[in-house]
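Here is how the chains run, residue by residue.
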Amino acid sequence: MNKRIGRLGAAFTAAFLILVLNLTYLQFLGAQKLAAKPENVRPLLNERRIERGDIMSADNIVLARSQADGAGYVRSYPERSLTAPVTGFYSTKYGRAGLELTYNDYLSGQSKVSSLDDYMKRLLGQDVPGNTITLTLDMRLERAAAKALGTRKGAVVALDPRTGAILALVSQPSYDPNKIDTDWKALSASEEGVLLNRVTQGRFIPGSSFKIVSAAAALERGRISPSTTFEAPAQLTVHGGKVTNYEGSSFGEVSFETAFIKSINTVFAKVGVDLGGDKLVEESEQFGFNRDTPFDLPTSMSKLPAAKDMDPLEVAWMAVGQGRIEASPLTMALVGAAIANSGEIRQPYLVARATEHDGTKVFERKPRTWLRPISVETADTLAAMMEKVVDEGTGRAARIGGVRVAGKTGTAEVGKGAPHAWFVGFAPADDPAIVVAVIVENAGTGGKVAAPIAGEVMKTWIGKND
Amino acid sequence: MSSTNRNRELLLIFFAMLVIATGFVLTALNTGQPVATALRFTGFLAAIFIAIHIANRLLVSTAEPALISLVAFISGLGLVMIWRLKPDLAAAQAIWLLLGAIALVLTMLTARRYQKFKDYKYTWAIAGVILLFAPVFLGVERGGARLWMDLGPFSFQPAEIAKLCFVFFLASYLEEKRRLLSISTKRAFGIWLPELKHLGPLLIMWAVSLVILVLERDLGTSLLFFGLFLAMLYLATGRPFYVVLGTSLFIAGATACYFAFHHVQVRFDIWLDPWLDPSGRGYQIIQSIFAMAGGGLAGTGLGLGNPNLIPAVQTDFIFSAVAEELGLLGSIAVILSYLLFISRGLKIALTADDEFGKLVAAGLTSVFALQTFVILGGTTKLIPLTGVTLPYMSYGGSSILMNFILLALLLTISAKRGEQGE
Numbered sequence: 001m002n003k004r005i006g007r008l009g010a011a012f013t014a015a016f017l018i019l020v021l022n023l024t025y026l027q028f029l030g031a032q033k034l035a036a037k038p039e040n041v042r043p044l045l046n047e048r049r050i051e052r053g054d055i056m057s058a059d060n061i062v063l064a065r066s067q068a069d070g071a072g073y074v075r076s077y078p079e080r081s082l083t084a085p086v087t088g089f090y091s092t093k094y095g096r097a098g099l100e101l102t103y104n105d106y107l108s109g110q111s112k113v114s115s116l117d118d119y120m121k122r123l124l125g126q127d128v129p130g131n132t133i134t135l136t137l138d139m140r141l142e143r144a145a146a147k148a149l150g151t152r153k154g155a156v157v158a159l160d161p162r163t164g165a166i167l168a169l170v171s172q173p174s175y176d177p178n179k180i181d182t183d184w185k186a187l188s189a190s191e192e193g194v195l196l197n198r199v200t201q202g203r204f205i206p207g208s209s210f211k212i213v214s215a216a217a218a219l220e221r222g223r224i225s226p227s228t229t230f231e232a233p234a235q236l237t238v239h240g241g242k243v244t245n246y247e248g249s250s251f252g253e254v255s256f257e258t259a260f261i262k263s264i265n266t267v268f269a270k271v272g273v274d275l276g277g278d279k280l281v282e283e284s285e286q287f288g289f290n291r292d293t294p295f296d297l298p299t300s301m302s303k304l305p306a307a308k309d310m311d312p313l314e315v316a317w318m319a320v321g322q323g324r325i326e327a328s329p330l331t332m333a334l335v336g337a338a339i340a341n342s343g344e345i346r347q348p349y350l351v352a353r354a355t356e357h358d359g360t361k362v363f364e365r366k367p368r369t370w371l372r373p374i375s376v377e378t379a380d381t382l383a384a385m386m387e388k389v390v391d392e393g394t395g396r397a398a399r400i401g402g403v404r405v406a407g408k409t410g411t412a413e414v415g416k417g418a419p420h421a422w423f424v425g426f427a428p429a430d431d432p433a434i435v436v437a438v439i440v441e442n443a444g445t446g447g448k449v450a451a452p453i454a455g456e457v458m459k460t461w462i463g464k465n466d
Numbered sequence: 467m468s469s470t471n472r473n474r475e476l477l478l479i480f481f482a483m484l485v486i487a488t489g490f491v492l493t494a495l496n497t498g499q500p501v502a503t504a505l506r507f508t509g510f511l512a513a514i515f516i517a518i519h520i521a522n523r524l525l526v527s528t529a530e531p532a533l534i535s536l537v538a539f540i541s542g543l544g545l546v547m548i549w550r551l552k553p554d555l556a557a558a559q560a561i562w563l564l565l566g567a568i569a570l571v572l573t574m575l576t577a578r579r580y581q582k583f584k585d586y587k588y589t590w591a592i593a594g595v596i597l598l599f600a601p602v603f604l605g606v607e608r609g610g611a612r613l614w615m616d617l618g619p620f621s622f623q624p625a626e627i628a629k630l631c632f633v634f635f636l637a638s639y640l641e642e643k644r645r646l647l648s649i650s651t652k653r654a655f656g657i658w659l660p661e662l663k664h665l666g667p668l669l670i671m672w673a674v675s676l677v678i679l680v681l682e683r684d685l686g687t688s689l690l691f692f693g694l695f696l697a698m699l700y701l702a703t704g705r706p707f708y709v710v711l712g713t714s715l716f717i718a719g720a721t722a723c724y725f726a727f728h729h730v731q732v733r734f735d736i737w738l739d740p741w742l743d744p745s746g747r748g749y750q751i752i753q754s755i756f757a758m759a760g761g762g763l764a765g766t767g768l769g770l771g772n773p774n775l776i777p778a779v780q781t782d783f784i785f786s787a788v789a790e791e792l793g794l795l796g797s798i799a800v801i802l803s804y805l806l807f808i809s810r811g812l813k814i815a816l817t818a819d820d821e822f823g824k825l826v827a828a829g830l831t832s833v834f835a836l837q838t839f840v841i842l843g844g845t846t847k848l849i850p851l852t853g854v855t856l857p858y859m860s861y862g863g864s865s866i867l868m869n870f871i872l873l874a875l876l877l878t879i880s881a882k883r884g885e886q887g888e
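Heads up: the sequence lines are chains A and B, in that order. Going by my numbering, the residue at position 280 of the first sequence is 280; the numbering climbs one at a time, nothing skipped. Counting from 1 along the second sequence, just add 466 to a position and that's the residue number in my numbering.
FYI, nobody ran anything at the bench for these hints, they're computed from the structure. This one's a predicted model, so the numbers in the text were calculated from it and none came from an experiment. Take the hints with a grain of salt, since some may be wrong.
[Unchecked claim] Listed next, with one range per pair, are the computed distances between beta-carbon atoms:
{"no.": "1", "chain 1": "B", "residue 1": "Leu572", "chain 2": "A", "residue 2": "Tyr25", "range": "40 to 46 Å"}
{"no.": "2", "chain 1": "B", "residue 1": "Ile520", "chain 2": "A", "residue 2": "Lys3", "range": "53 to 59 Å"}
{"no.": "3", "chain 1": "B", "residue 1": "Thr721", "chain 2": "A", "residue 2": "Asp105", "range": "44 to 50 Å"}
{"no.": "4", "chain 1": "A", "residue 1": "Val41", "chain 2": "B", "residue 2": "Phe725", "range": "33 to 39 Å"}
{"no.": "5", "chain 1": "B", "residue 1": "Leu572", "chain 2": "A", "residue 2": "Thr92", "range": "50 to 56 Å"}
{"no.": "6", "chain 1": "B", "residue 1": "Phe603", "chain 2": "A", "residue 2": "Lys3", "range": "40 to 46 Å"}
{"no.": "7", "chain 1": "A", "residue 1": "Gly30", "chain 2": "B", "residue 2": "Val595", "range": "42 to 48 Å"}
{"no.": "8", "chain 1": "A", "residue 1": "Ala186", "chain 2": "B", "residue 2": "Val602", "range": "57 to 63 Å"}
{"no.": "9", "chain 1": "B", "residue 1": "Ala778", "chain 2": "A", "residue 2": "Lys303", "range": "50 to 56 Å"}
Ideal Cβ placement from N, Cα and C applies to all residues, glycine included.
Using the sequences and the accompanying hints, generate a full structural model.
Rendered as structure tokens:
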């Protein structure tokens, strides 16, 4: 009988070995897959117990922090609605948004553990505080931008064209992330789009600010220079339709540069048709249209229709900046950055570094080039043209005493209501340190409404560095 | 020899209690419960096992030395977890452990001449059947299974005690009939076949198991009894034929039940895919798996997970709580402890001098092993989930009492040989 007892023992051992193998799958190999199941509330419950890291501005102002509250922590946002488009919110009920979403691994301390001390803590089941992330956002500039925009619906974004660092990001109207749990219903039902980050996810017709892209296409891909002359009638017939100038003005014979400075639609329509939809779309894609923009916040793609889906009239209007074009303010700021940074678009970013609670760096951003849409020569030519827009053209309201400013206005017709006012510009024109894109919804012309806001933001930044 | 074994036992109990004391203190610190209570529980538990140790010195001085410490570790960890999961139930569980210890001593006193038990084989059988089916007529239904009887303030699961009765019945019956059952001249296609008349007991046990399945709605108990029967039949006769035939019969019967009875069908379907009804019938098993996944390699730490998300976590699902808070390392440690207990139990069967002792020890160990496997396999979704307790660890009086009696019987059988050897 002893031999059989031995066999029975072997059978039990085999059965228990299978238990161990199955547990190894459940607890180790397949654990992450199970943790990600939507029915699993454990990750959220665990996170509540973790002291999330702070979100700090570049000038060391707290934008988000965790405060102990009974068994867990609550998240607070001292700058409330001003930085909500950047920080997003963190809620155990409604999930996460903004940097709270995209940098969750760092903020919750779930990224790699660097110190032995933290590793021991984790082994003992103690919670390790999350990483602090420090942004490139400058609160002085952020406040100046918000003040300049006021209560109007719109967006302002400022970045350093040499690195891609975002310096200010304002989206209005916004929401108070401290009250997300109580206000959720009203916020999510709002028709104003308060939860929408207009800078990265808003999609607007760019109007004449898009002429920067059309002009780049003409200079790079057409046989056109700033001095090439064109007839500039009040209206131009294309493919059975009409392209008209703003307020129906006629300009006689003008140079391409003058057409840019005065934002003459009929000249750009002709340039667009001569160039063709293919080249216009290709050039736009070099500037970031029809591409996902790599960024620290979720972005919506800025879009153009395919060339084959457009008739010559639509191509003409596209060169002017009207029609089925959708551009986010971030994309337009990057268009400005390409001109300001000698033809190179640096990848935009908000997070400069992440540090552990003891100050150890776990992540540091290194600027890198994203796109290279135009040559240095074209960039320099366009910069000079944009400087004249501010000196003597539609963008005069963006002028700053003692500093050379370059820019392009846009006035986007949107069907009903007043047009969207745009301005894309940079300063100082000879050594650009800041690019600003502004949109004010249904507010009037770019020159009157948007340019002064951009001027105010650039002045604050240049003044600060003095 | 006798004092060596007992000294070893004391040392092993000391190590087990050291681990348990650490567990209690960590739980207190992490959950904010008083450390004083943790120390009181530790002291109470240590007193129980030292008392058992002293009783062993007096009654079964040559008994196997590792079993008590394994039980101290497993039941101690169970008490830590119950205190952590449902603090109000911990005192009751501690009292049950004390009652278990008393039952252990009483059993050792009465079972010294356990060979006499084989004279009452039909008494065991009748007692077993009565205990097994009493709840069908007198019991209350819980969690879809009809297994409990209310006895004043306590409820009682008679099937737990019925297991012991069946082990004794089968051991006595098989010891007597094993030659008859294993001798046959018939062969068909080169395969050994028993005499048809000897297949009677097999068919009766099969029927009993299916009746449990249908009347008590309990696949776990059903599987357990039939598994026990097959294991002992194999040990006694050495004929794999019985195992193959028995297993086929059980699968056939269970399949028939699947199509005939809705509750069996639901259980099986939920096992195949709990995500069919994740917030309803699949909830418990899904939460159990989430708990294990949440524990990861090293666990969340005692008191730092969310095991209370699992319904009935302190009884059938206590292992899931251990896996969450002590991680894969902890859950493997627990599984190895059970495997060690099983290997010691089979060692006792191997070294027992008499066939009846061998059969009883192996039978008891098989019940223990099968029950542990059925519930661990169920909570890890390896096999369909059935409601049986995890020996020594789950909250519940009947289970604790039965397993301490089982422990006493194993110790007594192991001591018998020692005595004769001296």
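Here is what the structure says about each hint:
no.	hint	verdict
1	B/Leu572 / A/Tyr25: 40 to 46 Å	holds, 44 Å
2	B/Ile520 / A/Lys3: 53 to 59 Å	violated, 38 Å
3	B/Thr721 / A/Asp105: 44 to 50 Å	holds, 48 Å
4	A/Val41 / B/Phe725: 33 to 39 Å	holds, 36 Å
5	B/Leu572 / A/Thr92: 50 to 56 Å	holds, 53 Å
6	B/Phe603 / A/Lys3: 40 to 46 Å	holds, 43 Å
7	A/Gly30 / B/Val595: 42 to 48 Å	holds, 44 Å
8	A/Ala186 / B/Val602: 57 to 63 Å	holds, 58 Å
9	B/Ala778 / A/Lys303: 50 to 56 Å	holds, 54 Å
In this structure, the one hint that does not hold is number 2.
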